[in-house]
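Visitor: Based on the hints, put chain B in the right spot on chain A.
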Amino acid sequence: MTEIDAVSPMQSSASPDFDAIVVGAGPAGSAAALVLARAGKRVCMLERGPFPGSKNMYGGVVYGRILDTLIPQWWLEAPVQRWVTRRGTVIMTETQSLTVDFRTTAWGELPYNGATTFRPDFDSWLAGHATTAGAVLVASTTAIGLLRDASGRVIGVRTDRPDGDLTAPVVIACDGVNSFLAKEAGLYPRAVPENFTLGAKEVLALPREEIEKRFGLTGNEGADFEIVGCTKGIAGGGFIYTNLESVAVGVVLSVTELAAAKVRPEELIADLKRHPMVAPLVAGGELKEYSAHLIPEGGYDMMPELACDGMVIAGDAAAMCLAAGLWLEGVNFAIGSGQAAGEAAIEALDARDTSAKGLAGYRRRLDDNFVLADHRKLRRAPELLMSSRMQTTYPSLMCNLAEGMFTVTNPTPKKGALALGWRELRRAKVKFRHLAHDLYTTARTFG
Amino acid sequence: MSEADRQIHSLSSPAVDDLRAAAPSRPIWADVSFEDRMGLVEFRVGTRAHITVDGDSCRGCTTKACVTACPANLFVPTSDGGIVFNYEQCFECGTCYMVCNTEGAIHWTYPDGGNGVVFHRS
Chain A
2 MTEIDAVSPM QSSASPDFDA IVVGAGPAGS AAALVLARAG KRVCMLERGP
52 FPGSKNMYGG VVYGRILDTL IPQWWLEAPV QRWVTRRGTV IMTETQSLTV
102 DFRTTAWGEL PYNGATTFRP DFDSWLAGHA TTAGAVLVAS TTAIGLLRDA
152 SGRVIGVRTD RPDGDLTAPV VIACDGVNSF LAKEAGLYPR AVPENFTLGA
202 KEVLALPREE IEKRFGLTGN EGADFEIVGC TKGIAGGGFI YTNLESVAVG
252 VVLSVTELAA AKVRPEELIA DLKRHPMVAP LVAGGELKEY SAHLIPEGGY
302 DMMPELACDG MVIAGDAAAM CLAAGLWLEG VNFAIGSGQA AGEAAIEALD
352 ARDTSAKGLA GYRRRLDDNF VLADHRKLRR APELLMSSRM QTTYPSLMCN
402 LAEGMFTVTN PTPKKGALAL GWRELRRAKV KFRHLAHDLY TTARTFG
Chain B
3 MSEADRQIHS LSSPAVDDLR AAAPSRPIWA DVSFEDRMGL VEFRVGTRAH
53 ITVDGDSCRG CTTKACVTAC PANLFVPTSD GGIVFNYEQC FECGTCYMVC
103 NTEGAIHWTY PDGGNGVVFH RS
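As you go down the protein sequences, you meet chains A and B in turn. Count along the first sequence from 1, add 1, and you get the number used in my numbering. Count along the second sequence from 1, add 2, and you get the number used in my numbering.
Extracted from the complex, chain A is given alone in its bound form:
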């Protein structure tokens, strides 16, 4: 294999336009561009929306630990709505709910844990750091394809601007869940619909004091509830979280099961809002915005190849979103992968080898930090959690068990917890071997 050296930016006529082109100014792209610009590389960040974050929405919380090294004291300036100090994990049926309601004052203090934010605010803020460091942000510009040399190596991107070809020794594709660039490069041969969910969300305005009263919060404390069992048997879940002066409520739905169920996403949000646990939290809220986005939920086993000659992919484009039931994280994985992509690109540029081999430091970095370690550890989670037993049977069983435990049946004497457990297992028609299998898989996945 012949390797073409990266062209030095100092070379004159044949010189590429930039050292690196980052496609997409979301969290992955901005982290990559920030790292490259700080190292003195000439970086261009393309953003198809009018500003970074304008195309982006999510299901609630940014976990900021990954920012500690990138932007010291980020908490002083990040556009945070509320610091999540209350985290509820909710199991529900149409008429019941069972919540593990955790709260800690620690998450409302330095160094903080998770924050709610609006993505147009947050993504613009992070992109601002990249441009301050020297990256060039070109917004309202869509990358419509890859430029390649005769050997097939990626040498830049074609944009939808007149004379809009841009060249660089390395392209970092952070173009989101639908990544057309990763597909064009052959890294992501075919998207398998079963690996994707649709998130649909409503932002409901309520007075600040009313939110604090309903959710039991003070100051800039926030709450985040993740819910299973609220999607009419469609694999997925629901969420409610607090902004400063609004509450976001939404559902996440397997796209294939949504299609088969012939239900509309907003109807499922409406049902969730009518649920007796949710209704008092959202009642009277004025709809400010409705939004939707795909989520790559397949985890480790759906990840594409991460690099080819002249290009790496990061963030949702590389399916880095972690949807593992107890843990639902994406922005931090995008930032972590973008940072690693930027560092690997610097290494490759300095070694004058931006071939797939020269960019191998990207994969190595991800393997060494949380991004791929967490994904590898939780690789069985998506399949386990999207199964009908986890989605419907067990939530109903757990709620019925709780109802059995706490319903006073005088004058009939109380049944023991074990007797109730057996009764509910029989009622739910759960086969013992399935239960054993699920418990074992759960222990293996989360243990």
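No lab work stands behind these hints, which were simulated from the structure alone. All the pointers check out, no bait thrown in.
Covered stretches of chain B, as calculated for chain A (at least 3 residues, CB under 8 Å): (1) 40 to 52; (2) 69 to 78; (3) 89 to 95.
Model, not experiment: these values are computed from the prediction. Cβ atoms here follow ideal geometry from the backbone N, Cα and C, with glycine treated the same way.
Guide: Chain B only, in chain A's frame:
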């Protein structure tokens, strides 16, 4: 919205609880129309349609999954078994081509730079 709904809509949470207890079957949420829902979202509409649909494929399609799955409700079945669509109020999520059961029947790209959905800042 009926007067009763309006009252329920404006009540604070303990009062809503009482009301629910009194009439548990009554939905307390008076939802907005789909048109109003989409009217709250900003779309900068370009002249080029970034979605195209192959009508012949649609007429032979038995599932028409795009019709219910699209969160923006952009795909509408016609009386002759086809699909009409509009691209103007698209979230650019990609659900339609993911659920389409005929390879290539829905051709989907990003809108031209600067166009399409613009989600709100805080």
